[in-house]
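There are 2 protein chains.
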Amino acid sequence: MGKVKRKEEILTTACHLFSQKGYHGTTMRDISEACGILAGSLYTHIRSKEDLLYEITDRGAQSFLQSLQQVVNSEKSAAEKLRLALRAHIQVVAENIEAATVFFHEWKALTGERRKQIQKKRDQYELMWKQILLEGIQSGELHDLDGKFARLLLLSVGNWLYQWYKPDGKLSVDEIVDRFMTILLYGFLGQKEGIHFESGRNVYETDQTG
Amino acid sequence: MGKVKRKEEILTTACHLFSQKGYHGTTMRDISEACGILAGSLYTHIRSKEDLLYEITDRGAQSFLQSLQQVVNSEKSAAEKLRLALRAHIQVVAENIEAATVFFHEWKALTGERRKQIQKKRDQYELMWKQILLEGIQSGELHDLDGKFARLLLLSVGNWLYQWYKPDGKLSVDEIVDRFMTILLYGFLGQKEGIHFESGRNVYETDQTG
DNA sequence: ATAGAAAACAAGCGCCCGTTTGTTTTTATA
DNA sequence: TATAAAAACAAACGGGCGCTTGTTTTCTAT
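Listed in order, the protein sequences are those of chains A and B.
Numbering of the first sequence is given in UniProt numbering, commencing with residue 1 and proceeding in unit increments.
Numbering of the second sequence is given in UniProt numbering, commencing with residue 1 and proceeding in unit increments.
Calculated from the structure, these hints are not laboratory results.
Just so you know, nobody snuck in bad clues.
Pairs involving identical chains hold if they fit within one copy or between any two copies, as the list cannot separate such chains.
Listed next, the in silico DSSO-like pairs over lysine-lysine satisfying Cα-Cα at most 30 Å (straight line): (1) K21 <-> K148; (2) K49 <-> K108; (3) K108 <-> K170; (4) K5 <-> K49; (5) K108 <-> K166; (6) K170 <-> K120; (7) K170 <-> K148; (8) K121 <-> K49; (9) K116 <-> K170; (10) K121 <-> K166; (11) K121 <-> K170; (12) K148 <-> K130; (13) K7 <-> K108; (14) K76 <-> K120; (15) K21 <-> K166; (16) K116 <-> K21; (17) K7 <-> K121; (18) K148 <-> K81.
Make a model of the complete structure from these sequences and hints.
Okay, here's the thing in structure tokens:
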């Protein structure tokens, strides 16, 4: 097995096991067995168990930050920016479902400086959402909106996704985003005027949950 | 220390530590030290560590089920039922924030039959939400609504609450529910006609998160 | 083909885990 | 106040934990 490859294999394997059994519920022997080597051999490639967790969560944080940065920099209407932001978020989760699970579920198992760094990136991310919403409110496009709770709503939806999303589900990321955004923009009671989806029928069951 | 009291103290302490450090990250010695007794003495009151986790999560599940059952049985409009359901959910989380944290974050650490039982109650709970939304859609009150995603939205908001809610926050449960429901019923773009709150001003910062 | 580097092995370190056992102390009841 | 039950202690069990060390095997580049 090549040099860099084994390191990545260990990370992927750890990510898989952490997402399934949790960080503290996964042992180095679990990881080594899944990789087909002995536990001690892992330490040729990594320095510690916590290093694995940090690498996984930090990569996750970077993915979220980078994808949202593009949205913030874009020049679109507030509503469109919100859609793009939610789309970016959901895409990161959907395309890295195991890493996202570890990111959301296990990052607090980090200790000391490492944890602070991840916390910092989470704060940065939240700040970017704040910015998008604040712009929309100040420009009047999102009149009368409680920015704080709008943000909590959006992040709740995006962050909870890892709990139910299954990669082999019937709906694409775009279809999921469309359904959420329709409700978020116009509400349970509002009309969906001016919005059209290629698959916009109202079907109660479109099962994607596990 | 009395008979039943010590058992409850152990449960409360375990709940606190599980919510902070996770189930696998908490040791029996952690719990015993916080209770001021030796680790072995715990076993006068409990049978195993997993028993503690099961008791906590099962009580949580019962709280959610009971509070929502009352809403399902009530005779209200669909929109009002949704509000009451979200209120019930948020109230359970807010009034038992540590237990809720363990319930949402650690229930998968249960094994075998115990885990299946909690899963079953979670399914029951979701079914009750489905029922409320289905009634509202079939009666026409929630016209054109994608019930599946409306439910995901509501449960995302309710389930993510444990991640940011602080008991010493400035807003009451009712105020939180009002803010979420306003957005959920009328959307980011819609008018909030016919709705009035005693504290309905639009302030961007109403900090409640940690 | 062979020297040097990288990777994996084999063994085990010290420590902590959940739990058990046998004894002592505390509590409740008569 | 005597007595039995309940609770807590003291000590340790078997085992698994993250990780290290010293050696052997495998790969890579000349």
